[in-house]
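Protein chains in written order, with the working numbering: chain D, 194 to 534; chain Y, 194 to 534.
Hints should not be assumed to be uniformly reliable.
Heads up, simulated DSBU-like pairs for lysine-lysine below, C-alpha to C-alpha not over 35 Å straight-line [claimed, not checked]:
id	chain 1	residue 1	chain 2	residue 2
1	Y	K439	D	K439
2	D	K318	D	K258
3	Y	K318	Y	K408
4	D	K267	Y	K404
5	D	K439	Y	K267
6	Y	K267	Y	K404
7	D	K318	D	K404
8	Y	K317	Y	K439
9	Y	K430	Y	K404
Hints were generated in silico from the structure; no laboratory data involved.
Protein chains: 2
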Amino acid sequence: MDRCISALRGAYLDFASGVAVTRRRSDTLIPSGESIYGLKTMDGIAPNLGVGAVRINSDIVTWPKVGSSYRRVKVPAAPGSRYTGLILVFSTETGEPLAIMPDGVIQRMRVGATSALGTDYLAKKEATMASIIGSGWQAGAQLMGLLAVRPEIQTVRVFSPNSAHGEAFCREWGSQLGQEFCAYSLITDAVQGADIVLCATSSIDPVFERKHFEKGMHVGSIKPPEISRSCLDLADKVCVHLGHGKPALVQADNLVVPDHSGDRGWKTSDAFDFSSCTTLADLISGATNGRTNADERTCFVNDLGLGLQFAVVAGVTLRLAESAGIGRVLPTELFTQVEHP
Amino acid sequence: MDRCISALRGAYLDFASGVAVTRRRSDTLIPSGESIYGLKTMDGIAPNLGVGAVRINSDIVTWPKVGSSYRRVKVPAAPGSRYTGLILVFSTETGEPLAIMPDGVIQRMRVGATSALGTDYLAKKEATMASIIGSGWQAGAQLMGLLAVRPEIQTVRVFSPNSAHGEAFCREWGSQLGQEFCAYSLITDAVQGADIVLCATSSIDPVFERKHFEKGMHVGSIKPPEISRSCLDLADKVCVHLGHGKPALVQADNLVVPDHSGDRGWKTSDAFDFSSCTTLADLISGATNGRTNADERTCFVNDLGLGLQFAVVAGVTLRLAESAGIGRVLPTELFTQVEHP
Numbered sequence: 194m195d196r197c198i199s200a201l202r203g204a205y206l207d208f209a210s211g212v213a214v215t216r217r218r219s220d221t222l223i224p225s226g227e228s229i230y231g232l233k234t235m236d237g238i239a240p241n242l243g244v245g246a247v248r249i250n251s252d253i254v255t256w257p258k259v260g261s262s263y264r265r266v267k268v269p270a271a272p273g274s275r276y277t278g279l280i281l282v283f284s285t286e287t288g289e290p291l292a293i294m295p296d297g298v299i300q301r302m303r304v305g306a307t308s309a310l311g312t313d314y315l316a317k318k319e320a321t322m323a324s325i326i327g328s329g330w331q332a333g334a335q336l337m338g339l340l341a342v343r344p345e346i347q348t349v350r351v352f353s354p355n356s357a358h359g360e361a362f363c364r365e366w367g368s369q370l371g372q373e374f375c376a377y378s379l380i381t382d383a384v385q386g387a388d389i390v391l392c393a394t395s396s397i398d399p400v401f402e403r404k405h406f407e408k409g410m411h412v413g414s415i416k417p418p419e420i421s422r423s424c425l426d427l428a429d430k431v432c433v434h435l436g437h438g439k440p441a442l443v444q445a446d447n448l449v450v451p452d453h454s455g456d457r458g459w460k461t462s463d464a465f466d467f468s469s470c471t472t473l474a475d476l477i478s479g480a481t482n483g484r485t486n487a488d489e490r491t492c493f494v495n496d497l498g499l500g501l502q503f504a505v506v507a508g509v510t511l512r513l514a515e516s517a518g519i520g521r522v523l524p525t526e527l528f529t530q531v532e533h534p
Numbered sequence: 194m195d196r197c198i199s200a201l202r203g204a205y206l207d208f209a210s211g212v213a214v215t216r217r218r219s220d221t222l223i224p225s226g227e228s229i230y231g232l233k234t235m236d237g238i239a240p241n242l243g244v245g246a247v248r249i250n251s252d253i254v255t256w257p258k259v260g261s262s263y264r265r266v267k268v269p270a271a272p273g274s275r276y277t278g279l280i281l282v283f284s285t286e287t288g289e290p291l292a293i294m295p296d297g298v299i300q301r302m303r304v305g306a307t308s309a310l311g312t313d314y315l316a317k318k319e320a321t322m323a324s325i326i327g328s329g330w331q332a333g334a335q336l337m338g339l340l341a342v343r344p345e346i347q348t349v350r351v352f353s354p355n356s357a358h359g360e361a362f363c364r365e366w367g368s369q370l371g372q373e374f375c376a377y378s379l380i381t382d383a384v385q386g387a388d389i390v391l392c393a394t395s396s397i398d399p400v401f402e403r404k405h406f407e408k409g410m411h412v413g414s415i416k417p418p419e420i421s422r423s424c425l426d427l428a429d430k431v432c433v434h435l436g437h438g439k440p441a442l443v444q445a446d447n448l449v450v451p452d453h454s455g456d457r458g459w460k461t462s463d464a465f466d467f468s469s470c471t472t473l474a475d476l477i478s479g480a481t482n483g484r485t486n487a488d489e490r491t492c493f494v495n496d497l498g499l500g501l502q503f504a505v506v507a508g509v510t511l512r513l514a515e516s517a518g519i520g521r522v523l524p525t526e527l528f529t530q531v532e533h534p
């Protein structure tokens, strides 16, 4: 996580100066039986690492209702109940493919690292208590990122509507780390008095409400709808990852997206305009200030992934894997050609 | 080529009816030494074949001057002097990767088949003489496509500024086919009296001029600048592949594209507005007419590739390869994952 954060920090500086580039995510969608088939791609180039990357997700997506809220759920429909997500890494010097990697672990780490960078610029330096809303796969990465930028945190409260999940999360992480962990099944209890609240849910409804938002608090989210519109309005600073949080959509005419899902599975009825918000690149490059006093309410919305993030994290991962002798060497000639493309 | 044309014909019908979808090509570009590094991607889904595809080119591009005109040239900089172009094919039912293929042969076949479809709707049915401008890799596919839709052609004239190249092309194809082939080193001689002229060059300057454009002629091009603006103005019908012929560009701020190259290596000073032209999907779906009389001058401009073309042609190729037992089976589990992406 430290390496991931440091690599991304460099990438945002390169992005802010116009050297690194990234193509906005696109979602190409058709109906597939009762579900939706989506081909999601994003590209980026990290010149300082000498790599370009394409991240591809080939997803079967559904929107089941879980408890009182809808969730956007990917179905592991590939053989062996597996998901399909790939990162292809290319050399900017020769064009050749350098690696093909599954995206799952990297996806989680880059989300955690991105949120951590937001936290680093926006949360109180002297934060000691943090809350994690959610106890799943993404929640672990939020925790790792948080502790990388705020190692002084002493108490971590974890909310899950399912007590067993929250308690399992606390046991797992509590056994590895020096912080005190405690599980809660009411959000209000979990966030009260926290310096930092990090949402890491698959909910497409708001989970963090205005009544929870105390003076001096920093709230992070891994997708826009987690923080309610009224919280965003109350915040002294709302910063955003990219600032135009919608993918480019290409949809078949016969596609029916569930009514409650908005155009990418989010409610849009109470949409907030993120387009004029400070971005993470602004914060990191110093173009704008982060937190300036202990009383500010701050939000960081990790709105949309960038191909550049995958180029950077996959590029660093590739170097580490090569040093460690991890992975299989695929013959380059199978993935190159003599024919002019 | 017959299979390729037939598969694409079906795809354009599905595209016209909004069932098949395609994401417009994007070019993400940075400087790389004296050259440009480009990561070019396009996605498409062909529901009737049950496949989605992403085509990726990872290119080192230069713009050398050859003779009196500039060319856009990709450098085979990968080990063994190879190019990097891939098509990844996915199942729309399970999401899983079905194949990874080099794109070179398919790229050429789909360009040839697309131009052939344009020719089929726009050229005279009773055409007997055709000219090919160019004698390279793409010229061969133009010829194959042409003869698939106009098998009655008796004479093929081939222009190349390099006589040896033109003659070699004529020898190669003449030995396989029943048509009479003849090489020319002046365009005027090569095209005079032809029913169909197909440009297949890497030139970024016009090669087919107004003075060449006779009554009743059909002229095809594999990139917009090959046919001069004054020819397009003279034509009775100008049809186009897609109709918005520019890729989505993402460029580093420090990128310097050569002055003469326009924004994708083409001169734009004499730009023609293709956006209101009839598209190939219009012609195939019957939304608009093709040629209606023997005197019309017609143009088909194969302006920009579609991810859908690659989904369709790669999908059909995959089935043929499976039937024939061709290719290597890569273990699916290497390209899928248990982690939620």
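Name the hints, by number, that the structure is in violation of.
Hints 2, 4 not satisfied by this model.
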